[in-house]
Amino acid sequence: MKRRTTPRFHHPKRREPSPTRGGAMLANANAELSVSRLGRCGSLLLFVLLALTGGCGDSTKPDEKSAGSDTGIETSDRTPPAVDPGLGVLTADRLPTGPEIAPWFEVVADRGGIDFVHDSGVSELREFPAANGSGIAMLDVDLDGRYDLYFASGTEFPIDPAAGGAIDRCYRNVGGMRFVEMTAPAGLGHPGYSAGVTVGDYDSDGFPDLYVACYGRNVLYRNQGDGSFVETSSESGTDDPEWATSTAFFDGDDDGDLDLYVCNYGYWTLETNGYCHADGNRAVRLFCSPKSIKPCPDKYFENLGDGTFADRSVDSGLTARAGRAQGVVAADMDDDGRTDLYLGNDLNANSLFISVGGGKFEDRSEISGVAYSQRGLAQAGMGVDAADFNRDGAFDLFVTNFKDEYSALYENRERGLFFDVSIKHGGGRETLPYVSWGTAMGDYDLDGWLDLLVVNGHVDDNRALAGEDAPYLNPALLFRNEQGTFRCLHRAAGDYFSEFHSSRGLVIGDLDEDGDQDFVAGHQNEAPSLVRNRVRGVGDGSGPPSLQLRFVGVRANRDGIGATISHRFGDLPYADQVTGGGSYLSQSDYRLVLALPTADSASALDLRFPGSDNQARTVDGFEPNGTYVVVESSDIDAPPKIRRIDTIR
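Plus 143 on top of the position in the sequence shown (first one is 1) and you've got this note's numbering.
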C-alpha cells in the first residue's frame, strides 16, 4: 500500500429449553475446575481467591447466559425502584463502601437537557438483541470545540422503520453542560435497531463522520460540513445487513485513511427465537444462551479513497474466527506504528489480531495470553479498552465479563505477550457480582495514573422470581489507580456510584472544557446519566494542571487514531494513545488528557503519528492548562506542529 503524502479532501459520492446463565454456580465451578488448565501459573490460586470473595470466577456453564431488561420504556426522570421480588435490586445496605475521600464526580441535573430515553425493544418473547443494548458516541459535529452526543436506540420487534418507533437522537453541546437536540436538522435519527456507533473522518475533509452498527442494515453518515449529515451507506458499500454490535474506524492498511471494522454477533431471527427459562421454573422466561446462536464472522472494509469501501474481511486474515464479537478496540499493541485489533467475544475466546502490514493481520489470540481466563476458559467478553495502566510504556488490555466471571486485566510485558493480573493489580474480585459492559481507562483524578471505570447491569430483570440472587440494576464501579494497583472507590467518588441502573454504553471526554474527563453512561430503557468531573474545581481553574491534545493527521489518518504520546515524569514513563472504538458499542472523545505533576512541567513531549514509517518526535512549547492541536507534518523528517487553541477553564 502506498501512503499518501498530502491530505485528501473530497466529497465522494438443548435441553428444552436451551439453558440460561445463572444458578448452581458453585456446583458448576467444581466441574469446570476439573477440566481447567491448572498448569497455567497461578490458576489454582486464582480460583481459591475468587471463591473466598464469594464469587466463582468462570463458574458459569459454557452454554448458559441470559439477557433482559424492563418490558417497557421508562420515563426520563426515572428513579431506581424499591426492592421488588420480580426485579432483583441491590439494596443500599449491600452497596460496597470505599475510602473516605471527597467525591469529585457530580451527576448533572436533568441530564443537561438531554431527554433521550433508550428503548431495548424487549417484550415477553425475550428477543435476544434486546439484551445487549445500545451505545453512545461523542463527536464535535460542527467543529466549535464543544463535543456533542449521539445516542443509539433499539426499537420493538418485528422491526418496522415506518412504524414511528424509537429512533437514534443527537444533541448539540451549547456549553456549560447544556445540550439541545439537533437530530432532525442534522439529518440523523436512524429508525432501525441501532447497537454500536463510532466516529471517524473517513473522507479526510476535516469533519467527523458517523457509522451506526445495527441488527439489520448498517448506516454510514457523511458530515457535510454545515452541521448536517447525508447517508452514504449503499454507495459506500458499508450497509452490511448482519447483526452488528461494536465498530471502529482505524487505518488497517497503513495508507493514511480510515478503514472500518464491524463486529458481528450471530445468526438470529424472531422466528428462530427460543423459549428458555430459569432452572426448575418454566414460568420464568429468560433470554437464551449465547451458545444457542451461531457466531457470524466480522467484517473489515478497506477505504478506497474515493468515498467507497471494499470488503477485505477474508483477504486480511480477520475472519480466522467468528466469536460473537461484542467489543473492539483498535490500538498499536506491539509498538511498530501499525494499528492492531482486540475483540471481546461472548463465550468464545477473545481475539487479538496483530497488523503485519499491507492490510494483513495475524491471529495471535492464544499465543499472546489474552484469549482466555487464567483458568483457560472462554468468558463473556463485552467491553474492552487498551491503555498503559502501570506506566511501563506498554499498552495493556482490559475486558469486561458476565456475573460470576471477573473482568480481566491483561498486562503487556513483552511487545505482545500478556499476563492476567486481574487479582494481583485489582479489579477482579469487585466485578464478580455484576454483569459488566462499558469501560474506559482515564486519569479521572489527574494524578498521572490511568484509573478504570466500569458500568454494570444484568440482562434479565426477573431472576428474583426464580429465587436467584441476580439483581437487574447495579451500581457502576470506579477504580482509582494507586501506582499500578486498582482500588475500588465505590460511592466515595460521587453520588452516581450509589445509583442503580442496567447500563450498557459508556463514553468519556471533556464535555465542559475544563481539562478533565467527564462521562456519559447509557442505560436500558431509561434516560442516560451525564456525570461531570469536578477534579479541577468548578470552572475556576483550580485543581491539578493538565494538557489536552487533539491529533490531526496529514500523511496519517485525519483523526490520528493510533497516535501515541510519551514522556517521563520522574523515574517512570508515561504513555497514552488515541484508540479507535473501545468501551462497549461506543466511541469516546479522541482527545488525550495528560495530567501534569506541576504547573511548569512537560514543556516537551514525545509524539508519534501512526504509520510504520513514522518515528516519535520530541515537540516542545507546551504550556499547562491548554488545549493543543497537534498537526502532522507532510515532511516525514519534520516534527509535528502544535497550536494552542484555547485555555482550559
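Rather than coming from a laboratory, the hints here were simulated on the basis of the structure. Quantities reported herein were computed from a predicted structural model and do not represent experimental measurements. Every residue, glycine too, gets a C-beta built ideally from N, C-alpha and C. Heads up, some of the hints might be wrong.
Claimed, not checked - Computed Cβ-Cβ distance ranges for the label pairs, DEER-style:
(1) 304 <-> 426: 33 to 43 Å
(2) 772 <-> 369: 18 to 28 Å
(3) 304 <-> 479: 22 to 32 Å
Quiz item: Does the Cβ distance between residue 304 and residue 479 fall inside 22 to 32 Å?
Solution: Once the Cβ atoms are compared, 44 Å apart, the range 22 to 32 Å for residue 479 and residue 304 is violated.
Exercise. Can you let me know if the beta-carbon spacing of residue 304 and residue 426 is within 33 to 43 Å?
Key: For residue 426 against residue 304, whose Cβ atoms are near 34 Å apart, the range 33 to 43 Å holds.
Quiz item: CB of residue 772 to CB of residue 369, is that within 18 to 28 Å?
Solution: holds, 21 Å
The structure fails hint 3 only (numbered hints given earlier).
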